[in-house]
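*Asks:* Given these sequences and hints, build the entire structure.
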Amino acid sequence: MSHIAELEATRQSLLALRAGLHRQRDEAPTPGIAHALRLADAYLFMALGYCGHNDQLFPEEGHVEVDRTPFPNLR
Amino acid sequence: MADDRYWNRPTQTAPREVLDAVHLERIQHLIAWSYRNSPLYRRLYDAADIKPEDIKTWDDFHHRLPFTDKPDFLADQDRQPSGYGGLALPADAIQMHFHTTGTTGRFLNEGFTQYEMQKSATQYCYSYWDHGIRPGDSVYFCFNFGMWIGLWSIYWGARNMNLRILAGGGAASTERVRQILALRPKIVVGTPTYLLHLVEVARQEGLDLRDAGVQMVMGGGEPGFSVPITRESLMKGWGATQVLDAYGIGETMHVAQGCLEWGGGVHTIEDVVHSFTADPETGAPMLESGQIGENIVTSYTHFSQPFIKYRTHDLVQRDLHPDHGCGWTWAHLPGVVLGRSDFMVTIRGTNVYPTAVENLVGGVAGLTNHYELHITRPGAFDEMLVKVEAAALNADHGALSTQLDEHFRRNLGVRLGVEILKPDTLPRYELKTKRIFDARRDGK
Chain A
1 MSHIAELEAT RQSLLALRAG LHRQRDEAPT PGIAHALRLA DAYLFMALGY
51 CGHNDQLFPE EGHVEVDRTP FPNLR
Chain B
1 MADDRYWNRP TQTAPREVLD AVHLERIQHL IAWSYRNSPL YRRLYDAADI
51 KPEDIKTWDD FHHRLPFTDK PDFLADQDRQ PSGYGGLALP ADAIQMHFHT
101 TGTTGRFLNE GFTQYEMQKS ATQYCYSYWD HGIRPGDSVY FCFNFGMWIG
151 LWSIYWGARN MNLRILAGGG AASTERVRQI LALRPKIVVG TPTYLLHLVE
201 VARQEGLDLR DAGVQMVMGG GEPGFSVPIT RESLMKGWGA TQVLDAYGIG
251 ETMHVAQGCL EWGGGVHTIE DVVHSFTADP ETGAPMLESG QIGENIVTSY
301 THFSQPFIKY RTHDLVQRDL HPDHGCGWTW AHLPGVVLGR SDFMVTIRGT
351 NVYPTAVENL VGGVAGLTNH YELHITRPGA FDEMLVKVEA AALNADHGAL
401 STQLDEHFRR NLGVRLGVEI LKPDTLPRYE LKTKRIFDAR RDGK
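Respectively, the protein sequence lines represent chains A and B. According to this note's numbering, the first sequence is numbered sequentially starting from 1. According to this note's numbering, the second sequence is numbered sequentially starting from 1.
Just so you know, these hints were derived from the structure itself, not from any lab.
Reference excerpt, derived from the structure (chain B facing chain A, CB under 8 Å, subset only): (1) Pro10; (2) Thr11; (3) Pro15; (4) Val18.
DEER-style ranges, computed between Cβ atoms: (5) A:Gly32 / B:Thr57: 42 to 52 Å; (6) B:Leu385 / A:Leu21: 54 to 64 Å; (7) A:Asp55 / B:Trp58: 18 to 28 Å; (8) B:Asp59 / A:Asp55: 21 to 31 Å; (9) A:Leu21 / B:Arg106: 38 to 48 Å; (10) A:Glu6 / B:Gly206: 52 to 62 Å; (11) B:Asp92 / A:Gln24: 19 to 29 Å; (12) A:Asp55 / B:Glu200: 48 to 58 Å; (13) A:Leu21 / B:Glu261: 30 to 40 Å.
Ideal placement from N, C-alpha and C gives every residue a C-beta, glycine not left out.
*Replies:* Structure, rendered in structure tokens:
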């Protein structure tokens with residue numbers, strides 16, 4: 001196994017990690033912690049990209065499409 | 001893992017068919033996103049009677065999906081209150097604002113979110129890593145940072161790799177030479193002509209940049225880093241063992257780069273961009289390796305302002321199965337950019353289209369459309385002298401010269417030489433007027 005398929009297990013683990021990160025972000029007790037976790041999410045999403053992840057193209061994509069409002073994550 | 005020469009081996013060495021499958025999936029996703037969220041794409045695809053679900057195969061992509069081009073985005077830019085063409089996210093999502101160099105006569109605004117800056121920065125890591133550059137190494141920038149994205153992208157790449165950043169902005173060339181000798185960076189970034197210019201400046205100061213211990217010189221903005229004689233001159237002048245070329249398209253924010261073995265060009269970074277070659281006249285795809293045609297790109301780093309099947313007007317030769325020993329399977333562009341669909345001059349790192357200059361000459365009252373453009377390379381840089389006839393015999397040449405100079409600087413982002421002539425000074429032609437005199441082609 002020498003190509004992108006070998007990264008599928010990593011991709012699945014990262015997706016689980018991301019779900020946990022989102023929970024932490026949504027429950028963050030301060031804006032500072034919430035923002036730091038958003039930055040962490042951006043870097044985590046880059047790791048998913050290296051795995052050939054195609055379900056989303058950028059971290060906030062799903063949210064933006066739901067309500068079409070400016071999303072502070074992006075700044 | 002840390003001793004792997006590849007930054008991301010599974011994708012960087014994947015077979016072509018695997019890469020193509022990932023590309024098609026990403027492109028389909030991007031088309032759907034853009035159709036839903038960008039008024040420009042909605043208009044373009046509706047006009048072509050295309051829905052995202054129609055693009056099922058490469059044949060659909062190549063033959064049914066419309067191209068996009070800079071005028072599409074400029075026209076939409078004029079239409080949108082945000083000032084950005086093709087936007088697919090709210091404008092307040094934009095973290096960094098850039099614009100193109102304006103070489104076609106107008107600036108195209110480019111907006112990037114925080115994630116897009118971070119994501120696009122990753123593409124430098126593939127080449128840095130391949131050349132043995134590691135976090136903690138230092139990089140010196142010979143630039144003043146402005147609204148052109150090119151240098152910023154290298155800066156963000158250095159940040160992403162956690163390199164130590166040494167900013168040489170605002171310093172004179174002599175000062176930069178001394179800073180480089182004192183700080184001993186591993187990488188120095190500049191245009192090839194400027195880096196060669198620094199070698200000369202150092203010599204005039206009685207200094208030798210080979211004493212700085214620089215391992216790599218790199219940059220972009222103009223040809224040279226992939227021209228063998230220029231590479232040799234750079235390595236000789238700097239004592240560097242590595243020259244890294246970077247060919248990017250600012251609005252799409254992708255940058256093709258050289259590998260350690262250097263096969264005479266650059267690899268497209270296929271984790272962040274899809275590209276193919278098309279006949280610049282007919283738009284027909286040219287899918288065999290070795291054919292020379294226009295580089296057409298679809299970016300995966302820019303979602304707030306998507307660029308899909310975008311015409312770069314750069315002529316390239318694509319090798320889909322590179323075999324020069326690096327092991328990268330990503331497409332290779334030997335010779336990098338082989339030409340433009342229109343003629344281009346590079347003045348102090350800024351690309352200037354003579355056509356754009358011609359279009360601007362008429363923008364100053366009191367001048368005529370009798371003009372000539374004289375292109376020379378007296379030293380390390382291209383220079384352009386614009387000779388224009390005044391309309392009136394008693395015109396104030398000094399005032400007209402100042403106005404035209406400022407007009408060029410404002411619209412092109414670079415200063416040109418200006419000479420105002422009396423009426424009827426220039427020759428008149430019965431047929432096609434010869435207005436561009438390129439002394440560089442004659443070796444002068």
